[in-house]
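For chain W, the structure is supplied; the task is to place chain R on it using the hints.
Sequence lines, in order, name chains W and R.
Per this note's numbering, the first sequence starts with residue 1, numbered consecutively.
Per this note's numbering, the second sequence starts with residue 1001, numbered consecutively.
Hint data in this document are derived by calculation from the structure and do not stem from the laboratory.
Using N, Cα and C, we set each Cβ at its ideal position, and we do this for glycine too.
Take these hints with a grain of salt, some might be off.
[What the hints assert, rightly or not] Footprint (simulated), chain R over chain W, 3 or more residues, beta carbon under 8 Å: (1) 80-86; (2) 137-147.
[Unchecked claim] Result set (EDC-like, lysine to aspartate or glutamate): computed pairs, CA atoms no more than 20 Å apart in a straight line: (3) R/1176 with R/1204; (4) W/115 with R/1093; (5) W/115 with W/92; (6) R/1176 with R/1142; (7) W/115 with R/1115; (8) R/1116 with R/1139; (9) R/1145 with R/1200; (10) W/115 with R/1071; (11) W/115 with R/1096; (12) R/1004 with R/1023; (13) R/1237 with R/1382; (14) R/1313 with R/1096.
Here is what each chain is made of, one letter per residue.
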Amino acid sequence: MPETDENRPLPLREVEQLVELLRESGVGEIRVRRGETEISVSARPEVPATPAGNQAAVPEVSEPEASPEMDGLHAVRSPVVGTFYRAPAPGEDTYVEVGDTVSAGQTLCIVEAMKLMNEIVADVSGEVVEVLAENAGGVEYDQPLFYLRPDEQ
Amino acid sequence: MIGKVLVANRGEIALRIIRACRELGVRSVAVYSTADRDSLHHELADESVCIGPPPAASSYLNVPAIISAAELTGADAIHPGYGFLAENARFAEICERVGLRFVGPASDTIARMGDKAEAREAAAEAGVPVTPGSDGPCESVDEVKRVGAEIGYPLVVKASAGGGGKGMRVVETEAKVEAAYLGASREAGANFGDGSVYVEKYLERLRHVEIQVLADSYGETVTFPERDCSVQRRYQKLIEESPAPDLPEDAREGLMAASEDLIGSLGYEGAGTVEFVYADGEFYFIEMNTRLQVEHPVTEMISGVDIVAEQLKVVSGERLEIPEEALYPDGHAIEFRINAEDPGRNFLPQAGLVEVYNPPGGPGVRVDSHLYAGYRVPPHYDSLLAKLIVHARDREASIRRGLRALDEFAISGMETTLPLHLAVLEDEEFRRGGVATRFLADRELESEGGLLRLVQHLS
Chain W
1 MPETDENRPL PLREVEQLVE LLRESGVGEI RVRRGETEIS VSARPEVPAT PAGNQAAVPE
61 VSEPEASPEM DGLHAVRSPV VGTFYRAPAP GEDTYVEVGD TVSAGQTLCI VEAMKLMNEI
121 VADVSGEVVE VLAENAGGVE YDQPLFYLRP DEQ
Chain R
1001 MIGKVLVANR GEIALRIIRA CRELGVRSVA VYSTADRDSL HHELADESVC IGPPPAASSY
1061 LNVPAIISAA ELTGADAIHP GYGFLAENAR FAEICERVGL RFVGPASDTI ARMGDKAEAR
1121 EAAAEAGVPV TPGSDGPCES VDEVKRVGAE IGYPLVVKAS AGGGGKGMRV VETEAKVEAA
1181 YLGASREAGA NFGDGSVYVE KYLERLRHVE IQVLADSYGE TVTFPERDCS VQRRYQKLIE
1241 ESPAPDLPED AREGLMAASE DLIGSLGYEG AGTVEFVYAD GEFYFIEMNT RLQVEHPVTE
1301 MISGVDIVAE QLKVVSGERL EIPEEALYPD GHAIEFRINA EDPGRNFLPQ AGLVEVYNPP
1361 GGPGVRVDSH LYAGYRVPPH YDSLLAKLIV HARDREASIR RGLRALDEFA ISGMETTLPL
1421 HLAVLEDEEF RRGGVATRFL ADRELESEGG LLRLVQHLS
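Chain W on its own, in the form it takes in the complex:
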């Protein structure tokens, strides 16, 4: 790189003009080049791209079976791949039944993965409306396990 190029001030005025032009024209991107300098200005898409690091936003985009959630129901999802158990041990009472009222932090079930028992807790307080997985059956990551109707605040 020639030293003169490094020392030259950034052509902010030109960038400003390009942004203006981009706005007025409605095109997606403008690129100009003069000598060693290339400026590229692009418009942000209307729908913001999935923010990096925010994983929770991803699955919701293409969730076809999300209708119960539209009725104000809250899905508790499995955080791991494993086997779903409704009771702490065989023969014992289930943690919860449909109709029970649960508080945030209360254990709803266990998902066992590689001999590790993961207690799945309610992340909101409310009423258990539906149990979506079968006892002792396999569940995937992010699979809805329960529908809760959150308490009105």
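The following block gives chain R in isolation, referenced to the frame of chain W:
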């Protein structure tokens, strides 16, 4: 034959494995992250399990989730593909412990070949030529000079713990040893916390050639004619072909025999690749990849062997049955890696919606890809979109076929390396064949009337 295989990968290689399973009548299980809900491997497998959120560390590298998915679906074996867990000895060991067959060699073989110094030692023990240099790290300037006197200059001082060119110095003459040794050692210490360096002969115009191998549990080994993967950018292969242009027959035989000696000495099982550098009629071992490679289709095209199917047979405890004629190249094949990278903007990674997808067809054309129109390329994984493999009776005919197929290939919605491949095929030196690994580094990309062109530096 095993009954069900879990494919612990995504993208084109997951599809490749699922296709092999389908043809063998083996059931397949796909695993996928929430970013891959709309992916073809999830659609085409017999069963599929969502294993985690988009970051690979939480999904495709998530060992407990993958093992659980295998247990839940009753899979007998796990095929790791390439990348992700393919060369993770610990993962292979866990599979062995829980009674799942890992499609690949034994975990201790993976561990041994995964260590640079140990692999070099294993090769030397098997009588495979390794680059002349020091035995292990050099402790002093004098020791470097002693090795230099033995192997000659130029030589290269390299960090033992190194990679990516850090802690590396090329030394032209003995007078420059001291500065290079101290500089490399300091840089290695700063970057890797380990200042130890070793010395190798510096090979200036080298080619990358490699041998595909297969071995079964009965001690039967097969080595295929070489692939030449010298067209690379920053150590990433872009074009691979087989056979290597203008390779003398005795070099080919030497490479195949050396690879056979190495896998024989390791008691290797499954598919693998032994990589060499080739310069001035000599070849030296670099490393062994203990897995299926991206460029395996090149060998499949010229041999007629389905390498993935053979892997599945081996893991099922069956014998390899490779016909003799498969070991002699039938024509010439070239593979082009179509990546989601913009060659016009320093290979900036691309992601987003694939608007148009029209892969080429016609005689001698194979495309391995997970793309479809409307597919959204997620930003979380590697940039490989498709592999185009062309096969014809000789190299010249495959180059013509490659030009035709690349020209037909339409992907819109993002920039790809398609124009770069066209530029390489138009390059005179590439057309002559036998280019060195610095082929692309020696050239600039220039845009001319919407097409890219390679222009060689004057130096």
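So, going through the hints one by one against the coordinates:
no., hint, result
1, 80-86, "holds (count 4)"
2, 137-147, "holds (count 5)"
3, R/1176 with R/1204, "holds (18 Å)"
4, W/115 with R/1093, "holds (17 Å)"
5, W/115 with W/92, "holds (19 Å)"
6, R/1176 with R/1142, "holds (12 Å)"
7, W/115 with R/1115, "violated (32 Å)"
8, R/1116 with R/1139, "holds (19 Å)"
9, R/1145 with R/1200, "holds (12 Å)"
10, W/115 with R/1071, "holds (11 Å)"
11, W/115 with R/1096, "holds (17 Å)"
12, R/1004 with R/1023, "holds (13 Å)"
13, R/1237 with R/1382, "holds (13 Å)"
14, R/1313 with R/1096, "holds (18 Å)"
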